[in-house]
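S.K.: Residue numbers (the numbering used here), protein chains in the order written: chain H, 17 to 83; chain W, 196 to 330.
Incorrect hints may have been included.
Unchecked claim - With a straight-line Cα cutoff of 27 Å, these simulated DSSO-like cross-link-like pairs (lysine-lysine) come out:
1) Lys316(W) <-> Lys280(W)
2) Lys283(W) <-> Lys316(W)
3) Lys316(W) <-> Lys274(W)
4) Lys316(W) <-> Lys66(H)
5) Lys283(W) <-> Lys51(H)
6) Lys280(W) <-> Lys66(H)
7) Lys274(W) <-> Lys51(H)
8) Lys66(H) <-> Lys51(H)
9) Lys283(W) <-> Lys66(H)
As the list claims (entries may be wrong) - Going by beta-carbon spacing under 8 Å, a handful of chain H positions derived as facing chain W:
10) Ala19
11) Asp20
12) Leu28
13) Ile43
14) Arg46
15) Val47
16) Leu53
17) Glu63
18) Asp80
19) Ile83
As the list claims (entries may be wrong) - Not the full set, but computed from the structure, chain H residues with beta-carbon under 10 Å of chain W:
20) Asn18
21) Leu23
22) Leu36
23) Glu38
24) Ala39
25) Asp45
26) Lys49
27) Ile50
28) Ala54
29) Ala58
30) Pro62
31) Gln71
32) Glu78
33) Pro82
Please keep in mind that the hints were generated in silico from the structure rather than gathered at the bench. The beta carbon of each residue, even a glycine, is placed where N, CA and C say it ideally should be.
Chain by chain, the residues run as shown.
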Amino acid sequence: MNADEILKLVGLAVSALPALVEAGINIADRVSKIKELADAGANATPEQIKTVRDQLDADLDEFDAPI
Amino acid sequence: MRKVFAAACLALALGGCAQLQALGTAVKLGTASVSNPVTPAREAQIEAGFDAALQLLLAYRRACIAGTADVHCRDNIAKIQPYTKQAKVLIGQLRHFADSNDQVNAVVVFNQLSALYSDMKATAAIAGVNVGELP
Numbered sequence: 017m018n019a020d021e022i023l024k025l026v027g028l029a030v031s032a033l034p035a036l037v038e039a040g041i042n043i044a045d046r047v048s049k050i051k052e053l054a055d056a057g058a059n060a061t062p063e064q065i066k067t068v069r070d071q072l073d074a075d076l077d078e079f080d081a082p083i
Numbered sequence: 196m197r198k199v200f201a202a203a204c205l206a207l208a209l210g211g212c213a214q215l216q217a218l219g220t221a222v223k224l225g226t227a228s229v230s231n232p233v234t235p236a237r238e239a240q241i242e243a244g245f246d247a248a249l250q251l252l253l254a255y256r257r258a259c260i261a262g263t264a265d266v267h268c269r270d271n272i273a274k275i276q277p278y279t280k281q282a283k284v285l286i287g288q289l290r291h292f293a294d295s296n297d298q299v300n301a302v303v304v305f306n307q308l309s310a311l312y313s314d315m316k317a318t319a320a321i322a323g324v325n326v327g328e329l330p
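When you get a sec, could you build the whole thing from the sequences and use the hints?
M.R.: Dropping the structure here:
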């Protein structure tokens with residue numbers, strides 16, 4: 017692999033970073049919600065449950081949209 | 196590009212992996228059964244775990260639209276979408292059965308969703324996206 021190809025790959029990797037960083041932030045947020053629900057146990061509020069459900073619906077709709 | 200994306204995912208995973216491991220250890224959902232019921236709170240935990248995995252697929256889709264993913268990304272996403280569309284149907288059913296405390300059907304749908312996730316994970320892995328395990 018020559019230097020141009022390496023630089024091209026590095027450029028592509030860097031351009032993909034914002035989406036990956038955003039994914040990392042979002043994963044952390046979802047993990048936080050799981051912990052909240054686990055801590056709440058059977059006492060999880062309807063609002064907490066609705067928030068999780070609404071978020072998954074929105075994310076599934078985005079992923080399932082025609083591409 | 197797929198390798199680049201996978202490598203970047205790996206780099207991300209070094210930070211995100213700890214989160215995913217925390218996800219795995221924070222909540223052990225185990226196997227659903229009538230004696231281990233799918234309550235609305237537990238169902239929400241399942242959904243949050245699914246949503247965490249979905250974030251990597253969304254990142255892949257967004258990178259694809261931005262033109263920074265591999266040249267096969269549209270085909271790859273089209274191959275994964277039948278699983279996510281089916282998952283939405285099953286999740287809707289799981290919500291209904293959990294809310295109405297219909298544990299027999301909730302367990303059936305829980306197991307269908309688990310199997311579907313395994314299939315989706317395998318298809319995503321072919322595309323170079325490791326969505327990890329459900330908690």
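S.K.: Does each hint hold? Answer for all of them.
M.R.: For each hint, the structure was consulted:
For the given pair, Lys316(W) sits about 14 Å from Lys280(W) by alpha-carbon distance, which is consistent with the 27 Å threshold. The straight-line distance between the Cα atoms of Lys283(W) and Lys316(W) is roughly 15 Å, inside the 27 Å bound, and the hint therefore holds. Restraint check for Lys316(W) and Lys274(W): the C-alpha separation of about 12 Å stays at or below 27 Å, so the hint holds. The hinted pair formed by Lys316(W) and Lys66(H) meets the criterion: a straight-line CA distance of about 26 Å does not exceed 27 Å.
A hinted pair counts as satisfied when its Cα atoms are at most 27 Å apart, and Lys283(W) with Lys51(H) qualifies at roughly 23 Å. Proximity of Lys280(W) to Lys66(H) is assessed by CA-CA distance (about 20 Å); at most 27 Å being required, the pair is judged to hold. Simply put, Lys274(W) and Lys51(H) have alpha-carbon atoms about 32 Å apart, too far for the 27 Å limit, and the pair is violated. Proximity of Lys66(H) to Lys51(H) is assessed by CA-CA distance (about 16 Å); at most 27 Å being required, the pair is judged to hold.
Between Lys283(W) and Lys66(H) the alpha-carbon distance is near 15 Å, which keeps this suggested pair within the 27 Å criterion. About 16 Å separates the beta-carbon of Ala19(H) from the nearest beta-carbon of chain W, more than 8 Å, and the hint is not met. Evaluation of the Asp20(H) hint against chain W yields a violated restraint, the C-beta minimum of about 15 Å exceeding 8 Å. With a cut of 8 Å, the hint placing Leu28(H) at the interface with chain W holds, because the nearest CB-to-CB distance is about 5 Å.
Checking Ile43(H) against chain W: minimum C-beta separation of about 5 Å stays under 8 Å; hint holds. Of the supplied interface hints, the one on Arg46(H) holds, with its beta-carbon coming within about 4 Å of a beta-carbon of chain W, less than 8 Å. With its C-beta approaching chain W no nearer than about 5 Å, Val47(H) sits inside the 8 Å limit, and its interface hint holds. For Leu53(H), the suggested interface contact is upheld, since its CB lies about 5 Å from the closest CB of chain W, less than 8 Å.
Taking 8 Å as the C-beta cut-off, the interface hint given for Glu63(H) is violated, the closest approach to chain W being about 11 Å. Residue-level restraint check for Asp80(H) holds (minimum Cβ-Cβ distance to chain W is 5 Å; threshold 8 Å). Here the hint on Ile83(H) is kept, as its CB sits about 5 Å from the closest CB of chain W, short of 8 Å. Of the supplied interface hints, the one on Asn18(H) is violated, with its beta-carbon coming no nearer than about 16 Å to a beta-carbon of chain W, more than 10 Å.
A cut of 10 Å between beta carbons decides the hint on Leu23(H): the least distance to chain W is about 12 Å, and the hint is violated. Checking Leu36(H) against chain W: minimum C-beta separation of about 5 Å stays under 10 Å; hint holds. With 10 Å as the threshold, the beta carbon of Glu38(H) comes within range of chain W, its nearest partner Cβ sitting at about 7 Å, so the hint holds. Hint status for Ala39(H) relative to chain W: holds, with the closest Cβ pair at about 4 Å, below 10 Å.
Nearest Cβ of chain W to the Cβ of Asp45(H): about 9 Å, under the 10 Å cut. The hint holds. Given hint, Lys49(H) at the interface with chain W, holds; its Cβ is 5 Å from that chain's nearest Cβ, closer than 10 Å. Interface hint at Ile50(H): satisfied, since its Cβ lies 5 Å from the closest Cβ of chain W, which is below the 10 Å cut-off. Against a cut-off of 10 Å between C-beta atoms, the interface hint on Ala54(H) holds, since the closest Cβ of chain W lies about 5 Å away.
About 6 Å separates the beta-carbon of Ala58(H) from the nearest beta-carbon of chain W, less than 10 Å, and the hint is met. Taken as an interface hint, Pro62(H) checks out: its beta carbon lies about 8 Å from the nearest beta carbon of chain W, inside 10 Å. Taking 10 Å as the C-beta contact cut-off toward chain W, the hint placing Gln71(H) at the interface holds, the least distance being around 6 Å. With a cut of 10 Å, the hint placing Glu78(H) at the interface with chain W holds, because the nearest CB-to-CB distance is about 6 Å.
The closest approach between the C-beta of Pro82(H) and any C-beta of chain W is roughly 9 Å, which is under the 10 Å cut-off, so the hint is satisfied.
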